[in-house]
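Taking the hints into account, I'd like the entire structure generated from these sequences.
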Amino acid sequence: GDSVTQTEGPVTVSESESLIINCTYSATSIAYPNLFWYVRYPGEGLQLLLKVITAGQKGSSRGFEATYNKETTSFHLQKASVQESDSAVYYCALRDTNAYKVIFGKGTHLHVLP
Amino acid sequence: EAGVTQSPRYAVLQEGQAVSFWCDPISGHDTLYWYQQPRDQGPQLLVYFRDEAVIDNSQLPSDRFSAVRPKGTNSTLKIQSAKQGDTATYLCASSLSARANSDYTFGSGTRLLVI
Numbered sequence: 009g010d011s012v013t014q015t016e017g018p019v020t021v022s023e024s025e026s027l028i029i030n031c032t033y034s035a036t037s038i039a040y041p042n043l044f045w046y047v048r049y050p051g052e053g054l055q056l057l058l059k060v061i062t063a064g065q066k067g068s069s070r071g072f073e074a075t076y077n078k079e080t081t082s083f084h085l086q087k088a089s090v091q092e093s094d095s096a097v098y099y100c101a102l103r104d105t106n107a108y109k110v111i112f113g114k115g116t117h118l119h120v121l122p
Numbered sequence: 234e235a236g237v238t239q240s241p242r243y244a245v246l247q248e249g250q251a252v253s254f255w256c257d258p259i260s261g262h263d264t265l266y267w268y269q270q271p272r273d274q275g276p277q278l279l280v281y282f283r284d285e286a287v288i289d290n291s292q293l294p295s296d297r298f299s300a301v302r303p304k305g306t307n308s309t310l311k312i313q314s315a316k317q318g319d320t321a322t323y324l325c326a327s328s329l330s331a332r333a334n335s336d337y338t339f340g341s342g343t344r345l346l347v348i
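Keeping their order, the protein sequence lines are chains A and B. Using my numbering, the first residue of the first sequence is number 9, and each one after it goes up by one. Using my numbering, the first residue of the second sequence is number 234, and each one after it goes up by one.
Heads up, none of these hints are tricks.
Derived contacts from chain B toward chain A, CB cut-off under 10 angstroms, selection only:
| # | residue |
| --- | --- |
| 1 | Q239 |
| 2 | G275 |
| 3 | Q277 |
| 4 | L324 |
| 5 | G340 |
To spell it out: a stretch of chain B is covered by chain A in this simulated footprint if at least three of its residues, at any positions, have a beta carbon under 8 angstroms from a beta carbon of chain A; those stretches are:
| # | segment |
| --- | --- |
| 6 | 264–274 |
| 7 | 278–290 |
These are calculated hints, taken from the structure and not from any lab test. We put the beta carbon where it would ideally sit given N, CA and C, even for glycine.
Next comes the structure, spelled out in structure tokens:
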């Protein structure tokens with residue numbers, strides 16, 4: 009079936025360090041999956057961080073980047089220098105272009121130390 | 234524009250009790266989704282609507298869960314006889330189907346604890 013696997017948390021890094029949260033997907037029934045990263049900050053609702061709908065393309069937002077790699081079925085989230093305000097739960101997700109159901113990973117808790 | 238509004242924010246029940254969750258989507262969004270998110274898991278789709286019609290409810294435990302969207306705007310998700318395994322956050326989201334690759338907007342969720 010279709011699924012998403014991401015780094016198990018919690019992940020703890022110090023401010024200004026680099027970050028990578030791994031995400032791999034399986035899209036056996038989806039020919040052209042769209043890939044997403046969602047984020048939930050403390051006390052807030054789930055919100056879209058970035059998305060990429062075309063293989064080989066890179067998405068970016070708030071200093072985060074992720075590249076859609078169809079060969080390795082990966083969509084890792086990276087940031088060169090994290091801030092304390094990046095502490096949140098990050099979810100990798102996929103969706104079929106012509107469908108509406110979004111399939112989420114389990115989420116990765118990120119703690120950034122000041 | 235106003236976001237997706239959900240109520241209540243929290244609910245605590247004993248097993249066997251009933252509870253209803255309410256969702257007001259973004260105005261004009263024709264597609265509405267209910268997701269269940271158990272602790273330390275990602276959200277999992279329960280049901281979604283296009284206008285007032287149920288498009289997919291295959292993951293909704295039909296013996297105890299029901300969802301309606303009678304006028305194609307607000308929606309109610311109801312659990313008839315709650316079980317401890319229903320403890321989770323229930324998320325509502327909406328989108329505009331007419332737009333290609335339309336993004337979801339999520340509400341803040343209702344956190345349910347069944348004891």
